[in-house]
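A.B. asks: Use these hints to put chain Z onto chain X, whose structure you have.
Protein chains: 2
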Amino acid sequence: MALYNQITIIGLGLIGSSMARGIKERGLTDKLIGFDNNKEYHSTIQSLELVDDLAKTIENSVENSDLVILATPVGTYSEISKKIAPSLKEGSTITDVGSVKSSVLKMLSAHIPDHVHLIPAHPVAGTEQSGPKAGFSKLFHDRWAIITPPEGADKEAIENLKQFWEALGSNVEMMDPDHHDQVLAITSHIPHLIAYNIVGTARDLETVTKSEVIKFSAGGFRDFTRIAASNPTMWRDVFLNNKDAVLEMLGRFSEDLTALQRAIRWEDGDALYDMFEKTRRIRKQIIDAGQDEDVADFGRHQDD
Amino acid sequence: MALYNQITIIGLGLIGSSMARGIKERGLTDKLIGFDNNKEYHSTIQSLELVDDLAKTIENSVENSDLVILATPVGTYSEISKKIAPSLKEGSTITDVGSVKSSVLKMLSAHIPDHVHLIPAHPVAGTEQSGPKAGFSKLFHDRWAIITPPEGADKEAIENLKQFWEALGSNVEMMDPDHHDQVLAITSHIPHLIAYNIVGTARDLETVTKSEVIKFSAGGFRDFTRIAASNPTMWRDVFLNNKDAVLEMLGRFSEDLTALQRAIRWEDGDALYDMFEKTRRIRKQIIDAGQDEDVADFGRHQDD
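Chains as they are written, first to last, in my numbering: chain X, 6 to 309; chain Z, 6 to 309.
Hints are computed from structural coordinates only; laboratory data are not their basis.
The reader is advised that the hints may include incorrect statements.
Because identical chains cannot be distinguished in the list, a pair is counted as satisfied if it fits within a single copy or across any two copies.
Keeping only pairs whose Cα atoms sit at most 35 Å apart, straight-line, the calculated DSBU-like set for lysine-lysine is [stated by the list, open to error]:
1) 167 x 215
2) 215 x 111
3) 160 x 283
4) 283 x 138
5) 143 x 44
6) 289 x 248
7) 143 x 87
8) 215 x 94
Nothing here was measured: the structure is a model prediction, and the numbers come from that model.
Isolated chain X (complex conformation) (with noise of 0.2 Å):
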């Protein structure tokens, strides 16, 4: 079922052209078009027949689309919105997959025309890899998108939103913006800057040399390399957007921590077992939620 008579995807990276493959598989639109400012992906996006028709200008690229997607680092949003406007068709919607949502309503009302539905959204779904190639159409399955539709927002076009993000395989839910970027910033944002830094610290040691902590990750480390592997400008635009809530889960982060580590200088063994105790029953009610696999060591020895 065509939701969208046209739909453009702006930026075709891992969500980019995972929605791009999602939204051909099921049809939710008669026409794909897509722009990618990165000319080095243009050849990958042409032979996997990404989209219909990959436009030349970011501004031709919206021209008639119902629904334009952007789908690049947040930071890009202000020029790219200020470039489309004028040529967003009336009664349109632009959306967004961006992982802040109260900076990126600023940015874009700034920009778009009250004549074109402007509904920000937040499919919460990746892999550390990025670009075309990466991209998978199962990407959102099972997972949650975050619609923050702005007060006073056409409700056909939020049920229409949420009708699309439904068909690529999501559950949605609504959320005021600051809230989201709350939410997100202790589930997402702190675990990629403390992954971020742990990475850093293991490689600046003089005692340890990177080879070691390489050849011995297995016990723990491994894991953090993970989702540092992930895109650093996409990372970079997270944290100058969502300052405010990241620096107060920080805060709070390095408050638990500070105690942790004055519970082991005081070898205080009862507040370390209480603590670690707490903290095994989380990881069983996401695997109930259906939010990750019940596999021992994330499957890794499945193959064995």
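C.D. replies: Okay, now just chain Z, sitting in the frame of chain X:
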């Protein structure tokens, strides 16, 4: 090939029971004795036939054994070694699997008689699950076992233990105990500590509910819940027994995190990008070294 006529494993949890399975599969001994003071495990140990004989007392379990393996939390070593010392066979070897080595050497040296070869070791392998059911013989395949022989240790006893770990599928590295504790502090202990910590921070928030943390955990948080589901007793003992190296590495981690926090506060995008961009390569090197698999998102979408 029977490397030892009789082997005793004290503690048949994840690691002990995985070793038991590997020892039996490869016929590394004529007689495998087990002891576990957790009576709830006994029926599982017996129905899975993990050992030839499940001893009633810990003293009995080690009599006549040529290799005795401690596979209990390191906090139990002092008491256990005191108890079994008089029953250990002359010329036999006692080893362990603990994640700290310097304090283990001190604890065991205090009780183990001179006529027994004391050769601590540490297989860098595991999952977040515990108990005899969670074990599997291939846990050690292509992982590193670190042997930390004390000065003047018997060369033949070391060589036999090396062959034993190789027979279980591991690569073997010899290391000084203090250096081991530094390497593991950064590759294993700090990763576990910060994973436990962020799960605790997330649980204690007022603005984000626990059900939201669970629902939207696919943004990165769920990865941390895996290692934060590890055995709390084992990890309490690790931190109490590797205090100096952990505090040193934690100091560096916090220092680096403060620098990142400052870069976010002052919106220093270049500093953030530089930091995030450098960490990608280490993931590739870990995969190239065979210490993780070359699949996106830990292969979570493989079954879709």
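A.B. asks: Which of the listed hints are not met by the structure?
C.D. replies: Of the numbered hints given earlier, those the structure breaks are 3, 8, listed in rising order.
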